[in-house]
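S.K.: Make the full structure from the sequences, and use the hints.
There are 2 protein chains.
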Amino acid sequence: MAWNTNVLVGQSGGPTAAINASLAGVFDTARDLGAHVLGMRYGIEGFLGGRILHLDRTLGDPMDVELLRRTPSSFLGSCRFKLPTPEQDPAFFEDAFAKFEAARVGAVLYIGGNDSMDTIDKLSQWGTDHDSDIRFIGIPKTIDNDLVGTDHTPGYGSAAKFIATTMREIMRDSSVYDLKSVTFVEIMGRDAGWLTGSACLAGTQGNPCPDLVLLPEVTLNQDMLLNRLSLLLERKNTVVVAVSEGVRHRDGTLLCEAAAEAADGTRLDAFGHVASLSGTGRYLASVTRAALGCKTRAIELSTLQRCASHVASATDLAEAYALGGAGVLAARDGQTAMMSAIKRIFDKPYLYDTTLAPIRDVANKERKVPREFISADGMNVTAAFERYARPLIDGEVSSTYQGGVPHHITPLDGDRA
Amino acid sequence: MAWNTNVLVGQSGGPTAAINASLAGVFDTARDLGAHVLGMRYGIEGFLGGRILHLDRTLGDPMDVELLRRTPSSFLGSCRFKLPTPEQDPAFFEDAFAKFEAARVGAVLYIGGNDSMDTIDKLSQWGTDHDSDIRFIGIPKTIDNDLVGTDHTPGYGSAAKFIATTMREIMRDSSVYDLKSVTFVEIMGRDAGWLTGSACLAGTQGNPCPDLVLLPEVTLNQDMLLNRLSLLLERKNTVVVAVSEGVRHRDGTLLCEAAAEAADGTRLDAFGHVASLSGTGRYLASVTRAALGCKTRAIELSTLQRCASHVASATDLAEAYALGGAGVLAARDGQTAMMSAIKRIFDKPYLYDTTLAPIRDVANKERKVPREFISADGMNVTAAFERYARPLIDGEVSSTYQGGVPHHITPLDGDRA
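So the sequences go chain by chain: L and Y.
Convert by adding 202 to the 1-based position in the first sequence; the result is the number in the numbering used here.
Convert by adding 202 to the 1-based position in the second sequence; the result is the number in the numbering used here.
Please keep in mind that the hints were generated in silico from the structure rather than gathered at the bench.
Bear in mind that the values here come from a model prediction, so they are computed numbers and not experimental data.
Check the hints yourself; a few may be wrong.
Stated by the list, open to error - To be clear about the criterion: a stretch of chain Y counts as covered by chain L if any three or more of its residues have a C-beta under 8 Å from a C-beta of chain L, and this derived list gives those stretches: (1) 370 to 378; (2) 509 to 520.
Stated by the list, open to error - SDA-like, lysine to any residue: derived pairs with alpha carbons at most 25 Å apart: (3) L:Lys438 to L:Gly405; (4) L:Lys301 to Y:Asp380; (5) Y:Lys301 to L:Asp380; (6) L:Lys550 to L:Ala516; (7) L:Lys284 to Y:Gly495.
Glycine included, every Cβ here is placed at the ideal spot set by N, Cα and C.
M.R.: Here is the structure:
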């Protein structure tokens, strides 16, 4: 029997190469079940401002959905909006639920990271407390891979594949001159080192890993680092270091705060997080050049890490799509206050199931790289890390090219949608 | 009849995604003609220091050459070494030619940019003046596309394809929030704007171009820029600007010199060029934020532009391979003091011939973006630019993947080769 309802879907937080694949999964599954699909323009904030898209029309051509799966960034637009608690502002929730009812919404799917799961947590709690029939399901998404309740998050695999691929290319590039050099490659990840650790995936038979991998989980001992670099340079020309933007000195300050341009880089966002970090690599390059006298350079992978869908992981996009669909199925089956999640069955061959995690256990929590994934000296990751991460970057996506550039679905117009 | 000689090949200057394809072309053609192939380890400087590779052995497996065509950076290693003039140091040339004779070299192929062509120019001139039978041929290579005597240079198309692809992805990423923002994407190119101009290739039907493209050929009028940005922000949320690292103020100073970290970025290399520029995008982001009060960010594409072989242009790699081979054929036929070059026949369909350009007309010259490729207001490129550049990024290369990462030929060991 057709599921005769409106499914409302939104995207929130930073974009990734896989978040639109989850949107495609939500859309395809909901349509297949007979539901109609409404999109939040610019997340819950935009929806509450009356900005609703009728995706049945917007994605009317089957080719649109195929392109959507290969298009990076958040097709619907995004927001960074922290909901009040029901105690702080019950009127907010009364207003939101009135708008859900007005749009005849039976299920709300929200694709995002920790902060977005907080949104689902609060809405579902209010719904349960007020006998609402609306179901609220989170779909995990973050390149940072720092959500609990799931083996990993969609978006991480594609970001890791970009990092491993470009790290290998940078290592080739760094080795061409017959002189001593240290290259610092700065990688995203505020507090968790999953992305920085994925630099190790550049190493396969005949292809070296970066020499050091500095995670935000480990406080930097600058003297020890310089000593290690000096020893490495005694036996090889080219040293490459993967360094997280979030590495801190022992006094707790960020390395990038020590950099001259810190003033630009340390604004707090709506969730009290540091909004953008950068300069960690430049700082280390400067310190190393001064101490060791060798050539140094700093490379920031920057935004490309989260939007490089031209080198997306096929595994990642398939999982993103599956988790979107699994979330819709869960809602159809009466579940609420849940996040669709991945349960790993085996590493090699890589096998997984989809499952559900209670949203309360996920929201506002952060999963860091565990100790057993970090080498004893704190300056690299272990073989166990590689075994965990390697399957997530497996497989390539065939892009459709137009004029020599990967073709995307035409983005929504920011001003008139 | 077999060409019974030793062909000596070297790579010089900055690496690219296509320079190894030219090496593969030299190798395959020379071997096919019956010659043996010697490699200069670390360019002419390494060769003169006695570092010779026997490539018949190093590239003994046919799969090695296939991988070489897809491996970025300079397989042989590189140098930045400016030869003296014969007047300054005749002993240098006597020594070099003694070493060529000792290695029974019949032809020297040197793959590189303007400075490398200077090397070929000087060596061939000495050879001609001293009745040497050795032939000297240059193979063009530079992502900067600033060589005269050829329609374009191998390496440029792949760098442009990376720039266009990531520019499109960055534009998607920039548009997700419902707020006004300006993103500056800083692109390589000291004095010529070919790479920065290629950002326009992100635009195809349904996919927008960057709003502004700032080339080093045009002096920045900062007030006019801020005025344009202000007008753009009145009618759209998201403004994206491609900016060359080499853009200068009207007083001749580089924008990046005006940035706080200028001290690190303005060392001169052996050729008297500024060795590394960066900070132009950060400078403009800071100025724009202060003047217009909107969100700004700066993204440096950095080294990835010259080594991103995972998104190489099939056209570019095929041309690089062809020019390597054409250079060997020219040497076999008795030519010297020439550079193999591309003569364009038509834009669409793209058709070309290989040809030869006298090295004297190429060395130490620089080809800038001509006026007709730059818009009247100096803040964009024209349709003629796009017509020129579009065919050069056409076609994708199928990489061989291992462990989820493009597989390369095992690089030479920097310490023991």
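S.K.: Against this structure, judge whether each hint is valid.
M.R.: Outcome of the hint check:
{"no.": "1", "hint": "370 to 378", "result": "holds (count 7)"}
{"no.": "2", "hint": "509 to 520", "result": "holds (count 6)"}
{"no.": "3", "hint": "L:Lys438 to L:Gly405", "result": "holds, 17 Å"}
{"no.": "4", "hint": "L:Lys301 to Y:Asp380", "result": "holds, 20 Å"}
{"no.": "5", "hint": "Y:Lys301 to L:Asp380", "result": "holds, 20 Å"}
{"no.": "6", "hint": "L:Lys550 to L:Ala516", "result": "holds, 16 Å"}
{"no.": "7", "hint": "L:Lys284 to Y:Gly495", "result": "holds, 23 Å"}
Every hint, counting from the list given before, is met by this structure.
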